[in-house]
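By the numbering used here, the letter at position 56 of the sequence shown is numbered 188, and the numbering carries on one by one without gaps.
Keep in mind that the hints were calculated from the coordinates and are not lab data.
Treat the hints with care, since some could be wrong.
Here are the simulated SDA-like cross-link-like pairs (lysine to any residue), alpha carbons at most 20 Å apart as the crow flies [unchecked claim]:
hint, residue 1, residue 2
1, Lys152, Gly289
2, Lys247, Asn266
3, Lys247, Pro201
4, Lys247, Ala199
5, Lys152, Val235
6, Lys247, Leu183
7, Lys247, Ser220
8, Lys247, Pro194
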Amino acid sequence: MGGLDARYLISFPDSDKRIKRLLTVSTPHLGSPIATWALESPRMLPVMIHLVGRPALDELTPERRRAVPIPDRIDVIYTSYAGCCSVSEQSFWLRPFGRMIIVENDGLVSVDSAKWEQFLGTLHSDHFGLIGWNSPFRNSTYRPFDHIKFWSQAINGQISWIF
């Protein structure tokens with residue numbers, strides 16, 4: 133959701149043109165069916181509201197993302213990556229959600245929803261791994277995503293390559 137927050141902030145006029153580019157990673161630009169499911173599930177709603185809050189869940193539905201688009205600024209370069217790995221490689225906590233999204237995904241966001249403007253490719257990771265939350269409940273062949281290396285290279289402008 134940080135990418136949506138950043139796009140919203142950037143959408144306001146900036147006469148000093150301080151923001152030149154935005155890189156989003158596994159941002160649900162088109163929403164996530166997991167948010168819709170959580171809002172419609174009496175069992176999950178209290179849990180998800182506790183984790184992210186009701187207004188955030190509302191903002192993350194595909195319906196809301198279509199109804200209230202965030203305008204892009206023409207003077208900002210928007211680039212994006214998507215997380216993607218098989219359900220068996222996803223964190224134990226994300227696997228049920230990864231199965232619910234029938235297309236390629238990171239356990240919470242589909243690859244298609246994460247694509248925005250200049251799409252740079254997919255990162256072999258689930259949603260949690262992208263920020264370094266590597267669960268011990270994974271299969272034995274899983275290699276954790278090197279989020280520190282990725283973000284260091286992003287800061288230094290060295291990430292035009294695809295993982």
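Right, here's what the structure says about each hint:
1. Lys152 <-> Gly289: Cα-Cα ~13 Å, so holds.
2. Lys247 <-> Asn266: With Cα atoms ~24 Å apart, Lys247 and Asn266 exceed 20 Å; violated.
3. Lys247 <-> Pro201: holds (15 Å)
4. Lys247 <-> Ala199: holds (18 Å)
5. Lys152 <-> Val235: violated (32 Å)
6. Lys247 <-> Leu183: Answer violated: Lys247 to Leu183 is near 25 Å, above 20 Å.
7. Lys247 <-> Ser220: violated (23 Å)
8. Lys247 <-> Pro194: Given that 20 Å is the threshold and the Cα spacing comes to 14 Å, the pair holds.
Of the numbered hints given earlier, the model fails hints 2, 5, 6, 7; all others are met.
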